[in-house]
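Novice: Chains as they are written, first to last, in the numbering used here: chain V, 1 to 230; chain Y, 231 to 451.
Worth double-checking, as some hints may not be accurate.
[Said to hold, decoys possible] Interface residues of chain Y toward chain V, partial, derived using beta-carbon atoms under 7 angstroms: (1) Val-265; (2) Ala-407; (3) Pro-422; (4) Ser-446.
Treat the hints as calculated values from the structure; they're not laboratory data. All figures in this text were calculated on a predicted structure; none of them were measured in a lab. We treat Cβ as the ideally placed atom computed from N, Cα and C, and that holds for glycine.
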Amino acid sequence: MRRAINVGFALAVAIGGGASAEPIVYSIHGDADGELDGRAFSGAQFRLELRSDTVHTVTAIENGVTVYRNDQGHAILFLTRGAQTTVAHIVPNQIFVRYDPTNGVVGFGTHGIGPFYPVSLDWCGLPMGCGAIETGTPEITIVGALAQLKVAPHDSVFYPAAVEALATELRGRALLGGFLDACVSYDVINLRCPSIPGTPIKTDQGDLYFQKQTLFGKGVFTATVGRVGW
Amino acid sequence: MSTRQKILCAAVAAAGWLAVGMAAAAPVTYTTFVVTDVSLGGRFFHNASVYLKFVGDTADVQAFNVTASDGKSGSGWQITKGTASVEIISGRRVIRANFLPDQILVAFDSENGGAGFSSLVGSDHHVEAGYPLGMTGTTIWSLPDLVTTGVWSGHAWSCIGYPPALRGTGRCGDPAAYPLHTDHGPFVIHMPYFATNAAGTIFDDFEGALNDALFSVLVGP
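Based on the provided sequences and hints, a complete structural model is requested.
Specialist: This is the structure we're talking about:
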């Protein structure tokens, strides 16, 4: 009995992460359509950040695969329209960061809406809509290449070692890239984002919705360790 | 991917510019953002946030139309007159440097579908279309010109000898051999993330660069 408890405890520690505490900033850079405080924006450049600490990064099993996520911290949107940049501080406990290396999806999710909204990067344009990663041929995104290397390590022949070194558990510096999705439910037949969630993301600049109309844009995800711009 | 698309800017590098002036006069700022390896003044930065900026005037955007000796062509828009700078953010460090004149140009090859920051390098001042940061694929295809405000994204190339697949080399040259000169010393940008065929050569001149970048055009003060 005691041995079983010890094993269970060890597993919980492993799943929990147990990383040393260090400030970390997760960011996605891209462009999107949407609405902030009732004002629509189109093709606006943005950077969405979650400023947290590595101690809050956890490993979890979701839908049968290992994912890394961090639900704690202060989220900020930098939205640039023309020459003007709006800084919107997101009300706490709405946004989390999540990386699913098996399916090749990284991004920010929203509690109560879903793990891919407001923004995520994937290897085909639709998070969880890509199907199984192809093997035996090179991928064209970083998240796709890393997903491919998980299931087909011999496909490392298609990439320099620097690509494989980008594998991350969201506990340190990271660089990932892929197709940017910023729509709660994309219409793949008509190639548009027809609707917004029933619940907005609350910010100090008003209600925020993302409604990106194209699947073809790319985005850049980074994690930076240390107190940068706090 | 058509053969026509794969020509890209090598034709530009080979044939030189044939420019036609474009009207209007307003300040214009081009900015690219990428996260990659760079060095400045001998200091190396791994996966730094790199912003390249070029400030000019829309009156100086010119059309170009070139044909190389092998018959491959390129056409679109370019601007050579302006000031260029780089900002590197690595951890707490923010380093800004200004490029010395007559090295950086911004170009959009609408015929082949590429755009970004090109350069004049080497003792012969030849054009490197995909260096320091050229972009291909995804939304950069839909860039209308170089005088319309907006943001586009695409595969990020920092490749000496672009396009490597078309040229048959399959590899980019050593950028350290072609440093760009700034007021903070030589600037070099690397392309560590790319995809190859099984033989180890870059498999495609459009999608062979794995990393991504953003390109913005801002017309007005």
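Novice: Take the hints in turn and mark each one as holding or not.
Specialist: Comparing the hints with the structure gives:
no.: 1; hint: Val-265; verdict: 5 angstroms, holds
no.: 2; hint: Ala-407; verdict: 19 angstroms, violated
no.: 3; hint: Pro-422; verdict: 4 angstroms, holds
no.: 4; hint: Ser-446; verdict: 6 angstroms, holds
Comparing the model with each numbered hint stated earlier shows that hint 2 is the single one that does not hold.
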